[in-house]
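J.: One letter stands for each residue in the lines below.
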Amino acid sequence: MLRFLLRRTLGASLILLLISAFTFFMFFAIPQDPAMLACGKNCTPDALAIIHKNLGLDDPVPVQYWNFLIGIFQGRDFAVGHCSAPCFGVSFRTDEMVWDTIVDRFPTTLSLTIGGLVVFLFVGLGTGLLAAAKRGTWLDKGFSSASLVLSSMQIYFLGPVCLGLFVYSTGWLDKPKYVPFTDDAAAWFMGLLIPWVVMSVIFTANYTRMSRSTMIEQLQEEHVRAARAKGMPKRYVFFRYAWRGSLIPIVTILGMDISALLGGGMVTELTFGLSGIGRLAIDSVNFKDLPLTMGVMLVSAAFIIVCNIIVDALYAVIDPRVRLS
Amino acid sequence: MTEKSTTPTAVAATVPEPRDAAESGTPLMSVRGLKKHFPIKGGFPIKRTVGAVKAVDGLDFDVFAGESLGLVGESGCGKSTTGRLLTRLHEPSAGTISYRGKDISKANRRQMAPIRSEIQMIFQDPYASLNPRQTVGKIISGPMEINDIDPPGGREARVRELLEIVGLNPEHYNRFPHEFSGGQRQRIGVARAVALQPKLIIADEPVSALDVSIQAQVVNLLQEVQREMGIAFVFIAHDLAVVRHFSQRVAVMYLGKIVEIADRDSLYTRPRHPYTHALLSAVPDADIDADKKERIRLEGDVPSPISPPSGCRFRTRCWKAQDKCATEEPPLVHIEGNRQGHLTACHFPEDPTVERDKEIVMDPALAALEEAHQAAAEGQETGKSQG
Amino acid sequence: MTTLTKTEGSPATTGSDSFLSVRDLFVHFTTEDGIVKAVDGLSFDLERGQTLGIVGESGSGKSVTNLSILGLHNKKSTSIDGEILLDGKELVNATESEMERLRGNKMAMIFQDSLTALSPYYTVGRQISEPFRKHTGASKKEARDRAIEMLTKVGIPHAKQRVDDYPHQFSGGMRQRAMIAMSLVCNPSLLIADEPTTALDVTVQAQILDLLKDLQQEFGSAIVMITHDLGVVANMADDILVMYAGRAVERGSVREVLKAPQHPYTWGLLGSMPRLSGDVDEPLLPIPGSPPSLLNPPTGCAFHPRCAFTDKVPGDACATERPVLPTGRAAACHLSAEQKQQVYIETIQPRLG
Numbered sequence: 001m002l003r004f005l006l007r008r009t010l011g012a013s014l015i016l017l018l019i020s021a022f023t024f025f026m027f028f029a030i031p032q033d034p035a036m037l038a039c040g041k042n043c044t045p046d047a048l049a050i051i052h053k054n055l056g057l058d059d060p061v062p063v064q065y066w067n068f069l070i071g072i073f074q075g076r077d078f079a080v081g082h083c084s085a086p087c088f089g090v091s092f093r094t095d096e097m098v099w100d101t102i103v104d105r106f107p108t109t110l111s112l113t114i115g116g117l118v119v120f121l122f123v124g125l126g127t128g129l130l131a132a133a134k135r136g137t138w139l140d141k142g143f144s145s146a147s148l149v150l151s152s153m154q155i156y157f158l159g160p161v162c163l164g165l166f167v168y169s170t171g172w173l174d175k176p177k178y179v180p181f182t183d184d185a186a187a188w189f190m191g192l193l194i195p196w197v198v199m200s201v202i203f204t205a206n207y208t209r210m211s212r213s214t215m216i217e218q219l220q221e222e223h224v225r226a227a228r229a230k231g232m233p234k235r236y237v238f239f240r241y242a243w244r245g246s247l248i249p250i251v252t253i254l255g256m257d258i259s260a261l262l263g264g265g266m267v268t269e270l271t272f273g274l275s276g277i278g279r280l281a282i283d284s285v286n287f288k289d290l291p292l293t294m295g296v297m298l299v300s301a302a303f304i305i306v307c308n309i310i311v312d313a314l315y316a317v318i319d320p321r322v323r324l325s
Numbered sequence: 001m002t003e004k005s006t007t008p009t010a011v012a013a014t015v016p017e018p019r020d021a022a023e024s025g026t027p028l029m030s031v032r033g034l035k036k037h038f039p040i041k042g043g044f045p046i047k048r049t050v051g052a053v054k055a056v057d058g059l060d061f062d063v064f065a066g067e068s069l070g071l072v073g074e075s076g077c078g079k080s081t082t083g084r085l086l087t088r089l090h091e092p093s094a095g096t097i098s099y100r101g102k103d104i105s106k107a108n109r110r111q112m113a114p115i116r117s118e119i120q121m122i123f124q125d126p127y128a129s130l131n132p133r134q135t136v137g138k139i140i141s142g143p144m145e146i147n148d149i150d151p152p153g154g155r156e157a158r159v160r161e162l163l164e165i166v167g168l169n170p171e172h173y174n175r176f177p178h179e180f181s182g183g184q185r186q187r188i189g190v191a192r193a194v195a196l197q198p199k200l201i202i203a204d205e206p207v208s209a210l211d212v213s214i215q216a217q218v219v220n221l222l223q224e225v226q227r228e229m230g231i232a233f234v235f236i237a238h239d240l241a242v243v244r245h246f247s248q249r250v251a252v253m254y255l256g257k258i259v260e261i262a263d264r265d266s267l268y269t270r271p272r273h274p275y276t277h278a279l280l281s282a283v284p285d286a287d288i289d290a291d292k293k294e295r296i297r298l299e300g301d302v303p304s305p306i307s308p309p310s311g312c313r314f315r316t317r318c319w320k321a322q323d324k325c326a327t328e329e330p331p332l333v334h335i336e337g338n339r340q341g342h343l344t345a346c347h348f349p350e351d352p353t354v355e356r357d358k359e360i361v362m363d364p365a366l367a368a369l370e371e372a373h374q375a376a377a378e379g380q381e382t383g384k385s386q387g
Numbered sequence: 001m002t003t004l005t006k007t008e009g010s011p012a013t014t015g016s017d018s019f020l021s022v023r024d025l026f027v028h029f030t031t032e033d034g035i036v037k038a039v040d041g042l043s044f045d046l047e048r049g050q051t052l053g054i055v056g057e058s059g060s061g062k063s064v065t066n067l068s069i070l071g072l073h074n075k076k077s078t079s080i081d082g083e084i085l086l087d088g089k090e091l092v093n094a095t096e097s098e099m100e101r102l103r104g105n106k107m108a109m110i111f112q113d114s115l116t117a118l119s120p121y122y123t124v125g126r127q128i129s130e131p132f133r134k135h136t137g138a139s140k141k142e143a144r145d146r147a148i149e150m151l152t153k154v155g156i157p158h159a160k161q162r163v164d165d166y167p168h169q170f171s172g173g174m175r176q177r178a179m180i181a182m183s184l185v186c187n188p189s190l191l192i193a194d195e196p197t198t199a200l201d202v203t204v205q206a207q208i209l210d211l212l213k214d215l216q217q218e219f220g221s222a223i224v225m226i227t228h229d230l231g232v233v234a235n236m237a238d239d240i241l242v243m244y245a246g247r248a249v250e251r252g253s254v255r256e257v258l259k260a261p262q263h264p265y266t267w268g269l270l271g272s273m274p275r276l277s278g279d280v281d282e283p284l285l286p287i288p289g290s291p292p293s294l295l296n297p298p299t300g301c302a303f304h305p306r307c308a309f310t311d312k313v314p315g316d317a318c319a320t321e322r323p324v325l326p327t328g329r330a331a332a333c334h335l336s337a338e339q340k341q342q343v344y345i346e347t348i349q350p351r352l353g
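One line per chain: the protein sequences are A, B and C, in this order.
So in full-length UniProt numbering, spot 305 of the first sequence is number 305, and the numbers just go up one at a time.
So in full-length UniProt numbering, spot 127 of the second sequence is number 127, and the numbers just go up one at a time.
So in full-length UniProt numbering, spot 92 of the third sequence is number 92, and the numbers just go up one at a time.
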C-alpha cells in the first residue's frame, strides 16, 4: 500500500509538472501582452514598462517559469506584498494572491461536485440494481426509457427549468446559493440541492444503464450460481456475490468520469450563478490572467489526480486479486 | 449434413512413402537446446525483468519425414509453446531449429517465407482460429494467395477439392465459419493446413475442444491425411490415448523438458521414467476389467515454471527421489535394455512394465482416508470374528 | 414460474422409494428462437451411497437435469414438468425457502471449473464456512474450525493458514479440492458433480476422483456424476445413464453398459474413444454427423439421422416413432433384443478390442 501511494504520488507530481509547463508556455504563445490588462485604459509606455518589471515579464519565459515553480515551494515577493508558499503568484487583474482566491472559491466547486457525485451514484446504482433484479418487468423498461430520455438532457437547459419550477413558480426552494458547510449545514444542503440534482441527471442515467448491465452479467456468473447452490438466500447472493463484481467496471468508468464531473460542476456553477472555480477559470482565460489560469489549472488537475488515486485504491478494496498481486 | 466418410480421392500424385521414422536417415526437423523464457516485468520504481517463465527449457528432438511425433504432458509443461516455437509464432530464447538441415530459429521474415508453406499449424479452438468475416473458400485459399501459388485448374477448384478431401461439401465454398459445427470447422482448419501440401503440420490440441464422437471423426481425418499425403506431424495433446492412437513416436514433457521419448510401444508398455508411469496410471480407462494396471497417485500439482525444482524437475512429486535428484539434472539418455531411440531422463528409472503389485499413493489426504477405511474394515472383521 | 405439473397423484404416494427418484422430467426453456427441449422425459433412480454416471455430449441435457434438481434453473424462461423426489420430498413444486434449506445441506453441487465457481472476492475459508453457518447455525469460530477440518480432509496442506487465502492463490487442483470441501461441509446425502475433473490435468484428475470415492465411502453420499468421459464413469459409477438430445437412451450397471452396450449411440461413444490398450492400427469408429439442435430435435428416435442400423428396423419406425426406455436395464431403441446382441457381438465388439 505504501509503495502504491509512493509510486502514484511520484507519477502525479510528474503529471502536474508537465501540465504546468504546457499551460505556461502555451500562454506566451498567445500574441497579446498580459501587462496591457493590468495597465488599464490610460496606459503609457512608461507605466507599461514598470508593470512589466513588477510582474517579471521582462525575463525570458523559461526563467519566468522557473521563478513560478520556485514560488510554489518558497513563496515570492511582489510589488503588492509577500506571497507565502504555496504561492501561485498574484492576479494580473485584481492584484490578489491567486492561492487566496482559489481557497476562497474551491469549497463551492468541491461541495457541488462531491454532492453531485453522491447523488448520481446513489440514484444511478440503486435504480440499476433494481432494474437488474426486476429484469424484463415494466419497472426495468421504465427505468431504461427514463434513463435514455434523461441522458440527453443538458445542464444549461435543465437548470433554468428547475429554477422556474421549484423556485419562481412554486417557491418551494430558495434560489441556489453557497453557504459554507461549517457555517450552516442545513443551509448548505438546501442551497445546493437543485444544482446537485441538475448536474447529476446526465450521470445518473449512464450509471443506471451501466449498473443494470454489469449486474445482469454478474448474475450469470458461475460463482453466483454456486453460492445459490450452497443454499445462500437470493438477496444475500445478489448483494454479496453479484454486486461486488459489478462494481469493478463501474469504478473504472467513474475514474474516467472524474474530469467530466469537474466540467459538469463548472457548467452548473455558471448556470446557477454560483461563484466557484468554473467562473474563475473562464474569467482568467478571458482576461489573460496568467497566474490565475495556472492556479486554476493546477488545482483542478491535482483534484482529478487525487480522485483517480482514490479510484485505484477502491479497486484494491473491492478485488483481492488486485490487492494481492 | 456434409460429413461423409472421408476418402481422400484427390490427393497429390507425389506422395512420399511413409517410412519407419526412427530408422530413416536425416530428420526433417531437428531441434537442439530449444528454450523459451517469457520475461516477467516488475519492480519499483522502474519496471524491469525480475524473472522468467521457463516455458521451454532445453529440448532436443528430431521429426522425421512422414512420421507423427506426439508431444504429451500436463498444463504448463511447455508443449504448446514448443509448437509455437517450431512454427516461429514465438521467437526462441536459445537453441536451434533445423528444417531440412537449415537453421530457421533466427531466420527473418523473408528467409522464412518459402519455409512457411511447408510447415503449417492446426489450432485447438476451431472457433477462434478461423476469421469469421471470411468465407470458407477465402480461408482455405488464403495460404495459396499469400505464397502466390496458382494450382493447376485454379484456386477455387483446388479449394473445392480440399473441401472434398476433408469430408465437407464443396458447394459450401461461399459459406462463413459460423454456419458450421465445431467438428466441421476443425475440418476447415485441416483443409487450410494441407492446402499447400506441407511437409510438416504442427497440430496443437486439434481435437480437445470437440465432443467425443466428433473427436474421432477428426482424428481419423488427420490420420488419413497423414498417411495418404505423407505429411509429418507434431501432434500436441494432453490426452494420452489420442496421442497413442495417432503417433508413431511420443515425447513426454514435464516443466519445459522432455523426460522420456520413445517409439509408441516402448513408451506405453515399457516406460522407464516415473512420471510416464504416473501419467499412464492416471488415465481413467473405460475398460472396467483392466484392473491389473498400476495405481500411482502423485501429490499436488505441477510446480511453477518460474522457479522449477533444482536437478530433476519431477523430484518434488516423485516416490523414488533421492539426494542426487536434487543436485544433478538427469540427462536424456538411452538406458540399457531399452529399444533404440528410447531415451529417458532419470537417475533411478522404473522397471519397464506398467504392472506393479504395490500401489503408490503420494497424496497425503488420499493416504489418510484409505488408511482409515482399511482400519475400519479390519476392525469390523475382527469384531465379527470375535462376536 | 410456470410449472406444468400434473395434478393427479400426491407426490408422497407416487414414485419409487429410492433416495433420489426422477420421474418423467421435462425441462423446456423458451428462447428467442423457440422452445429448447433440454430434458425431454427423463426418469432415473439413485440409492444412498451409490454413484450414477450420466454420460452424454454437449447439449445432451445432462447439466440442465442437475440444475433443475437443485432448482437453480432460470424460473422465468423455464418450464418444468415431472417429479423429482429426494428422500420422499417433492422438489419440483417446493418453495424457494424449502429449496434453500436443502441446497448445500442435504444436496450439494461440485462445479466443473473451480476458478469461476468460487467467488474471487472472498477467502476460501469464508466460502466454505458460509453454508455451514447457515444450515447448522454454528458460530463464526465453529464454522472456521469446520472449514479448516474440511480443508485438511480434502488434502490442503497447512489448512490453518490457507483457510484465509483467496481462490486465486490456490493451484487448480487445490481449488477443486476446496470446492469439494465446500460442497461436503454440511455432510450432504446427495452430491451432484458436473464434470468435476474435466478442467484438470490427468494426474490431478486421478487424485480428485479417488478423493471423491474415498469421501463418498466416509460420508455415504449418493453421487450423480455428469461427464462425457467414459473412462471417468467406469472408474466412479455403479450405474450409468446415457443421454442423447435430452433423453435417456440407455440405462444399466457400469458393467452392463460398458461391456454389453445395447444402444447404437453407446456403441458409437465406445467406438469413438481411443484406448490405452486398443489396437492402434484400427481406425476409430466415429458417429457420423453432429449432435442435433434441441430447438428442433429429429422426429422419432432423436439418434436416427446418425444411426447406421435404421435399415434393420422394419418400416420407418426410427424416423416416426419415439422408442421408449423401459425400466431396469434397457435401451431406447427399435432394434429387437436379438438384433442388438447380434450387431454388438458381430460388428461392434471385435473393433473395440
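What the hints contain is simulated information worked out from the structure, not anything from laboratory work.
Please note that a few of the clues may not be correct.
What the hints assert, rightly or not - Computed cross-link-like contacts, EDC-like style, restricted to lysine to aspartate or glutamate with a CA-CA straight-line distance of at most 16 Å:
1. Lys76/C - Asp140/A
2. Lys259/C - Asp287/B
3. Lys140/C - Asp164/C
4. Lys234/A - Glu96/C
5. Lys259/C - Asp289/B
6. Lys138/B - Glu156/B
7. Lys259/C - Glu282/C
8. Lys213/C - Asp351/B
9. Lys213/C - Glu156/B
10. Lys234/A - Asp164/C
11. Lys320/B - Asp351/B
12. Lys259/C - Glu371/B
Unchecked claim - Just some of the chain C residues that point at chain A, by a computed CB distance under 10 Å:
13. Phe26
14. Gly34
15. Ile35
16. Ser97
17. Arg103
Idealized CB from N, CA, C, for every residue including glycine.
J.: Any of the earlier hints contradicted here, and which numbers?
T.: Per hint list: 7, 8, 9, 10, 12, 13, 14 and 15 violated.
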